[in-house]
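Chemist: Just so you know, the working numbering puts the end of the sequence shown at 693, numbered straight through with nothing missing.
If you are wondering where the hints come from, they were derived from the structure by calculation, not from laboratory data. As the structure is a computational prediction, the values presented were derived from the model and not from experiment. Accuracy of the hints is not assured; some may be wrong.
Said to hold, decoys possible - Cβ-Cβ distance ranges computed for the label pairs, FRET-style:
no., residue 1, residue 2, range
1, Thr138, Thr259, 27 to 35 Å
2, Arg483, His143, 45 to 53 Å
3, Asp406, Asn109, 57 to 65 Å
4, Gln144, Ala105, 14 to 22 Å
5, Lys261, Glu632, 43 to 51 Å
To be verified - Below, computed lysine-lysine pairings styled on DSS-like, alpha-carbon distance capped at 27 Å:
no., residue 1, residue 2
6, Lys656, Lys584
7, Lys419, Lys261
8, Lys302, Lys261
9, Lys656, Lys215
10, Lys261, Lys153
All C-beta atoms in this analysis are idealised placements derived from N, C-alpha and C, irrespective of residue type, glycine included.
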Amino acid sequence: MICKVKYLCLKRRIIKLFASGAVIITLMVIYQSYATTDLQSYVAFLAPSSVLDTSQACIHPALNINDPTMMRFYRNKKRVICRGDTDWIEVHNGTLLFSHQAVSDQVGFKCHYYPLIRGPGDDNISYGEPILNVEHGTPLVSDFFKINCISNVKGTRYTNIHAGVHHNRTIKGRLQKRKPPKDGLGLSIAFLGFDSMSRMSWLRRMPLTRKYMVETLKAIELESYNIVGDGTPAALFPILTGKHETELPDARRSANHSKSVDQFPWLWKDFQKHGYVTSWADAEVEIAPFNYRLKGFEHAPTDHFMRPFYLAVDPTYRSYSRYCHGSLPKHVVWLNWFRDIMYMYKRDPKFMVHFYTPLSHDDNNLITMADEDLQKMLEHLENDGCFNSTLLVIMADHGARFADVRRTLSGKLEERMPYVSFRFPPWFEDQYPDIVQNVRTNAHRLTTPFDIHETFKEVLRFTGGGVGNVKNRGISLFKEIPKSRTCAHGDVAPHWCACLSWHEVNPNSDIGKRVLQAAIDNINSFTAPYRSDCVELTIGKVTAVSKHMLREEVLRFSETTGDRGDKPVLSDAYVPLNKAIYQVTFFTEPGHGEFEITLEHLVNVDQITLNPKAISRINKYGTDPACILDKNREIRQFCYCNNQSLAKSR
């Protein structure tokens, strides 16, 4: 359109100019925001200088709970409240009960009970002959059942499928006859697993549960736990069988002549044989870890097995709101089954493995809806004494693997470092202080699923504490894991190994000279106010300059392929780190003081910094700083007195 009025033309040009400027400013702000965020997140990858234990062969990155890259994906969800009529039926400790609201609202009603029957195999179920007109307080005759009720007055109906734990005389009889080995530790094991939750993600999203576990129950968290493969089976097989999948008999659906997973050396078989009641509860059907790619179980693997329940209820979920099973949240149904086993076998030894996928597999944020419920259940069981003889393990298989998170470098690292915590009953630490101290020490050492397997075995038959053999793939957490342990010792492939690695740097290279100069400048800065007393030091002999960095295999890792997900795909391109950690060791002159110092190089801004706590004087200084002791004892390791004859006389 041609502008014919000069005033209007000028006005339009001004508007366009301002609009263009606004766009440019907006883009600059967005760019600056992302650039700053990325820099901050990369800076958070490597361990702060003050916490590096350089005597360990494996040092994991100290990840940041407030990492901006990961916080982009964070959302807090409200607790699930299921609307509609309250369930007519409740189950508590092996007993069927009519809910108070149903009794009040329906006036009178009758119910028929249909026991759920598993099999044949892992994908089929059926219902047995009904028990007609069951009454309030009727003992369950099966763990899972369908209930059909009709109101005598209103004609309203109620149909649902419920989970509980029935009083199984066969199991109870076996528990009376078989007792755990006398050389065991007298503990039950209760394992609650959650899909795709890194340690950092658990801290961000489960604050109530985490606070209760750590502050009240004094749980020990494994801060350097490292996965050994891709996906849930790669996490659970080493724990439950002590093997990688490739070391087990072939059970793949895609393979000819493969068989079910019954033949695997499951740890629960050993516990069952030695007087424990066992349970396996996975809340998935299609993507269950032993059924998705594998052929599942021909026979029920444990005394109590929850898959038949989920086979039955899965088709019914479309009739409920998204996160609900009737008037209860789905995750509460799963938690209640754990609770019911704890009560049914309160004084019996138990080996329980329960795993929950739905609220964290595709989106870690959904699990925030279960935080309060999980914390309250744990508190309830603890207050009722159900954990008095139980090793409670709460952990995840791996960190988040969904695409948008996994594409970030933060996501790659968190995937390799899932959440793991161990809680021992108080009496256990009183009786075995040395081995619990070993667990606390191991919380900061490289640990893997194979170590959890060995720890569980030690519960059954304890072989003692002491120091573990670094040559063993799995080391019980009751033994101190040597500092010399590497990913190779633990059978962790390089592309899964989150340990940082040292690389030698030439002291005469540009970066070598810069970090050395920064180190001596910082040492001298402490004594600068006292220069009349303390000599300005120079660098003498340099014994080491090293760079600490992430492994290239981790930076380049893209995905895994193959039927077992065990073949890594490494990309030619990877995101470069914007932070590097250097460690230098040298002598200063005069005085021949020996120092070991860790520094950080922020590549984006080309700045070298160090934390004063990351400076270690590693030889004795004797009387060298005697002249400064009355003025500032805090800098004694940095001071070499100008007048040494006077210093030595003091």
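Chemist: Can you let me know if the beta-carbon spacing of Thr138 and Thr259 is within 27 to 35 Å?
Modeler: 30 Å, holds
Chemist: Just to be sure I understand the hint, the distance between the Cβ atoms of Asp406 and Asn109 should be within 57 to 65 Å; is that true here?
Modeler: Given about 20 Å between the Cβ atoms, the range is violated.
Chemist: Would the pair Lys302 and Lys261 pass a check requiring their Cα atoms to be no farther apart than 27 Å?
Modeler: Violated - the C-alpha atoms of Lys261 and Lys302 are around 43 Å apart, more than 27 Å.
Chemist: Are the Cα positions of Lys656 and Lys584 separated by 27 Å at most?
Modeler: The given pair, whose Cα atoms are some 23 Å apart, holds under the 27 Å limit.
Chemist: Is Lys261 within 27 Å of Lys153, Cα to Cα?
Modeler: The hint is violated at about 48 Å.
Chemist: Between Lys656 and Lys215, does the CA-CA distance stay at or below 27 Å?
Modeler: 58 Å, violated
Chemist: Please check whether Arg483 and His143 have a Cβ separation lying inside 45 to 53 Å.
Modeler: About 46 Å separates the Cβ atoms of Arg483 and His143, which means 45 to 53 Å holds.
Chemist: Is it true that Lys261 and Glu632 lie within 43 to 51 Å of each other by Cβ?
Modeler: 49 Å, holds
Chemist: Would the pair Lys419 and Lys261 pass a check requiring their Cα atoms to be no farther apart than 27 Å?
Modeler: Measuring from Cα to Cα gives roughly 16 Å; hence the hint holds.
Chemist: With respect to the beta-carbon atoms only, verify the hint that Gln144 and Ala105 lie 14 to 22 Å apart.
Modeler: 51 Å, violated
Checked against the numbered hints given earlier, the structure breaks hints 3, 4, 8, 9, 10 and satisfies all the rest.
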